[in-house]
Amino acid sequence: SAVISQKPSRDICQRGTSLTIQCQVDSQVTMMFWYRQQPGQSLTLIATANQGSEATYESGFVIDKFPISRPNLTFSTLTVSNMSPEDSSIYLCSVLIGGTYEQYFGPGTRLTVT
Amino acid sequence: RKEVEQDPGPFNVPEGATVAFNCTYSNSASQSFFWYRQDCRKEPKLLMSVYSSGNEDGRFTAQLNRASQYISLLIRDSKLSDSATYLCVVAHYNAGNNRKLIWGLGTSLAVNP
Numbered sequence: 001s002a003v004i005s006q007k008p009s010r011d012i013c014q015r016g017t018s019l020t021i022q023c024q025v026d027s028q029v030t031m032m033f034w035y036r037q038q039p040g041q042s043l044t045l046i047a048t049a050n051q052g053s054e055a056t057y058e059s060g061f062v063i064d065k066f067p068i069s070r071p072n073l074t075f076s077t078l079t080v081s082n083m084s085p086e087d088s089s090i091y092l093c094s095v096l097i098g099g100t101y102e103q104y105f106g107p108g109t110r111l112t113v114t
Numbered sequence: 115r116k117e118v119e120q121d122p123g124p125f126n127v128p129e130g131a132t133v134a135f136n137c138t139y140s141n142s143a144s145q146s147f148f149w150y151r152q153d154c155r156k157e158p159k160l161l162m163s164v165y166s167s168g169n170e171d172g173r174f175t176a177q178l179n180r181a182s183q184y185i186s187l188l189i190r191d192s193k194l195s196d197s198a199t200y201l202c203v204v205a206h207y208n209a210g211n212n213r214k215l216i217w218g219l220g221t222s223l224a225v226n227p
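Protein sequence lines, in the order shown, are assigned to chains A and B. Mind the numbering: the first sequence is residues 1 to 114 in our numbering, read in order. Mind the numbering: the second sequence is residues 115 to 227 in our numbering, read in order.
Treat the hints loosely; a few may be bogus.
Pairwise CB distance ranges (calculated) [said to hold, decoys possible]:
#, chain 1, residue 1, chain 2, residue 2, range
1, A, D64, B, P227, 23 to 31 Å
2, B, G130, A, T17, 47 to 55 Å
3, B, R213, A, I63, 18 to 26 Å
4, B, R115, A, D26, 37 to 45 Å
Lysine-lysine pairs mimicking PhoX-like chemistry, simulated, CA-CA at most 25 Å apart [what the hints assert, rightly or not]:
#, chain 1, residue 1, chain 2, residue 2
5, B, K214, B, K159
6, B, K214, A, K65
7, A, K7, B, K156
Sample of chain B residues with no beta-carbon within 12 Å of chain A, all distances over it, derived [claimed, not checked]:
#, residue
8, R115
9, Q120
10, G130
11, A143
12, R180
13, R190
14, K193
15, A224
To be clear, the hints were calculated from the coordinates, so they are not data collected in a lab. Because the structure is a prediction, the values reported are computed rather than measured. All residues carry an ideal CB built from backbone N, CA and C; glycine is no exception.
Full structure from sequences and hints, please.
Here it is as structure tokens:
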């Protein structure tokens, strides 16, 4: 398994501002992902964070709104830009271990936009 | 039809009961299957992978039925601490040969004293 930390754990932000969430893993991992989980909903994949290249975004998510960095194999950031109340959600960083599909998650960042 | 479907519940059972959840999937090319557990206001955690031959981990048994395209999770001798949402996850390769994980909405279990 992997130990994954996220910062901040929670934040309350004003609409129109941006927040950058950090994800740190205690070991090198190939695959890192960013998910969103809105209240009462399951997980929605935002993008795959690729080391050394642009992230791969899922349908409905764009780089201008959710820019992602992945400078190395243990760290990634997700920025939620120009926030609106609809962006209020839990944002989760996740990694895949080895060649399996087994995913491990960070503790999440609880974002509230007012 | 959703790619992965689960009965949202809630399932309310007494301590010591046996409870089973099913999860159906639509993509017959799906290759890997998992059950995750998510406690309230916490991140999902891997409970167990589901193998073709079925697998057991203590009180938990997972089975795969490829012909009918569903997986199941059986919990025996339920404990209060089993109360959580159980998420079904199905994985396959898409047309671009990228792995895709499809998450169910989860089944809520409440074990009562």
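We went through each hint and held it up to the structure:
Roughly 51 Å separates the CB atoms of D64 of chain A and P227 of chain B, a value that falls outside the hinted 23 to 31 Å. Range check, G130 of chain B to T17 of chain A: Cβ separation about 51 Å, and the 47 to 55 Å hint holds. The given range of 18 to 26 Å is respected by R213 of chain B and I63 of chain A, whose C-beta atoms sit roughly 21 Å from each other. Taking the beta carbon of each, R115 of chain B and D26 of chain A are about 40 Å apart, inside 37 to 45 Å as hinted.
As the CA atoms of K214 of chain B and K159 of chain B are separated by approximately 18 Å, the hinted pair is consistent with the 25 Å bound. A hinted pair counts as satisfied when its Cα atoms are at most 25 Å apart, and K214 of chain B with K65 of chain A qualifies at roughly 22 Å. Of the pairs offered as hints, the one joining K7 of chain A and K156 of chain B holds, with about 15 Å between alpha carbons and a cut-off of 25 Å not exceeded. Chain A leaves R115 of chain B outside its interface by the beta-carbon criterion, the shortest separation being 16 Å against a cut-off of 12 Å.
The beta carbon of Q120 of chain B sits about 9 Å from the closest Cβ of chain A, which is not more than 12 Å, so the claim that it is off the interface is violated. At roughly 29 Å from the closest C-beta of chain A, the C-beta of G130 of chain B stays outside 12 Å, upholding its exclusion from the interface. Every CB of chain A lies more than 12 Å from the CB of A143 of chain B, the least distance being 14 Å, so the non-interface label holds. For R180 of chain B, the condition that its CB be more than 12 Å from all CB atoms of chain A holds, with the nearest at approximately 17 Å.
Non-interface call for R190 of chain B relative to chain A: holds, since the shortest CB-CB distance, roughly 24 Å, exceeds 12 Å. Every CB of chain A lies more than 12 Å from the CB of K193 of chain B, the least distance being 23 Å, so the non-interface label holds. No Cβ of chain A comes within 12 Å of the Cβ of A224 of chain B; the nearest lies about 16 Å off, and the non-interface call holds.
The structure fails to meet hints 1, 9 from the earlier list, while all remaining hints are met.
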